[in-house]
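Participant: Here are the chains, one letter per residue:
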Amino acid sequence: AQSVTQLGSHVSVSEGALVLLRCNYSSSVPPYLFWYVQYPNQGLQLLLKYTSAATLVKGINGFEAEFKKSETSFHLTKPSAHMSDAAEYFCAVILKGTGRRALTFGSGTRLQVQP
Amino acid sequence: NAGVMQNPRHLVRRRGQEARLRCSPMKGHSHVYWYRQLPEEGLKFMVYLQKENIIDESGMPKERFSAEFPKEGPSILRIQQVVRGDSAAYFCASSPLNPGQETQYFGPGTRLLVL
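Residue numbers (my numbering), protein chains in the order written: chain A, 1 to 115; chain B, 1 to 115.
Simulated from the structure, these hints should not be mistaken for lab results.
Even for Gly, the Cβ is constructed at its ideal location relative to N, Cα and C.
Mixed in with the good hints there might be a few duds.
As a list, the in silico DSSO-like pairs of lysine-lysine whose alpha-carbon atoms are at most 27 Å apart [unchecked claim]:
1. A:K68 <-> A:K49
2. B:K27 <-> A:K49
3. B:K51 <-> A:K96
4. A:K49 <-> A:K96
5. A:K96 <-> B:K27
6. A:K68 <-> B:K44
7. B:K44 <-> A:K49
8. A:K69 <-> B:K44
Computed footprint of chain B on chain A; a stretch qualifies when at least three of its residues, placed anywhere within it, have a C-beta under 8 Å from a C-beta of chain B [said to hold, decoys possible]:
9. 32-46
10. 101-113
Below, a sample of chain B positions facing chain A; criterion: calculated Cβ distance under 10 Å [what the hints assert, rightly or not]:
11. S30
12. G42
13. F106
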């Protein structure tokens, strides 16, 4: 069974500091991987996705993520946090080759940005 | 290009009433997915539909919940005889038909409150 683990339900950084949000997946076949962001009382916005092309994926708002097969990880980073980055971030997967298209989400990481 | 539309954005129902949630996918998208976000929990897949077909309903509760995506009009998620535990945010997502186009785009959600 596929699963997604996000380490750290809450992460707090200072404005201008590096953002690192962790995501590990459990699957024998590298899945499609996604990061979504959710602002309070809003829907989910796609930040970036990995679909077996380049392992370093650049997304919107200065975020990027690196797929590491050996570590089964897809951590999200941003070099310099901005106050507007405060939100909840979800890592999600779709397992390839099963015909299933449902996203399986991690439990989410709430990012706080301190001034 | 309009995004995924959901209405109503907020819905209040008393226990025992019916709730109908509507979702219009992005233009050109023929796949619709429903997810539920319970308070303090992550997002869970409920059902995946194409026009006039339910493809995967593995996440749907066995009773009181149903979904449809008719040939014309929006997709409907219907909850009969609502209970307090149904209070949650319900998100719809859509994706294109093309194989390999796995990205799902989310609507703003319907927040259901059962009194």
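Participant: Against this structure, judge whether each hint is valid.
Facilitator: Okay, the hints, checked on the actual structure:
1. This hinted pair checks out: K68 (chain A) and K49 (chain A) have alpha carbons roughly 14 Å apart, not beyond 27 Å.
2. For the given pair, K27 (chain B) sits about 21 Å from K49 (chain A) by alpha-carbon distance, which is consistent with the 27 Å threshold.
3. Restraint check: the Cα-Cα separation between K51 (chain B) and K96 (chain A) comes to about 23 Å, which is no more than 27 Å; the hinted pair holds.
4. Only pairs whose Cα atoms come within 27 Å are accepted, and K49 (chain A) paired with K96 (chain A) is accepted, the gap being roughly 14 Å.
5. Note on K96 (chain A) and K27 (chain B): the hinted pairing holds, with a Cα-Cα distance of about 25 Å set against a maximum of 27 Å.
6. A threshold of 27 Å between alpha carbons decides the hint, and for K68 (chain A) with K44 (chain B) the separation of about 25 Å falls inside it, so the pair holds.
7. Annotation: proposed proximity of K44 (chain B) to K49 (chain A) holds, straight-line Cα distance about 19 Å (limit 27 Å).
8. The suggested pairing of K69 (chain A) with K44 (chain B) holds, with an alpha-carbon distance near 25 Å, which does not exceed 27 Å.
9. Check on the stretch 32-46 of chain A: 9 of its residues sit with their Cβ under 8 Å from a Cβ of chain B, so the three-residue criterion for coverage holds.
10. Requiring three or more residues with a Cβ within less than 8 Å of a Cβ of chain B, the coverage given for the stretch 101-113 of chain A holds, as 8 such residues are present.
11. Interface restraint check: S30 (chain B) against chain A, minimum CB-CB distance 12 Å, threshold 10 Å, status violated.
12. The beta carbon of G42 (chain B) is positioned within 10 Å of a beta carbon in chain A (closest approach about 5 Å), and the interface hint is therefore held.
13. Because the smallest distance between the Cβ of F106 (chain B) and any Cβ of chain A comes to about 4 Å, under 10 Å, the interface hint for this residue holds.
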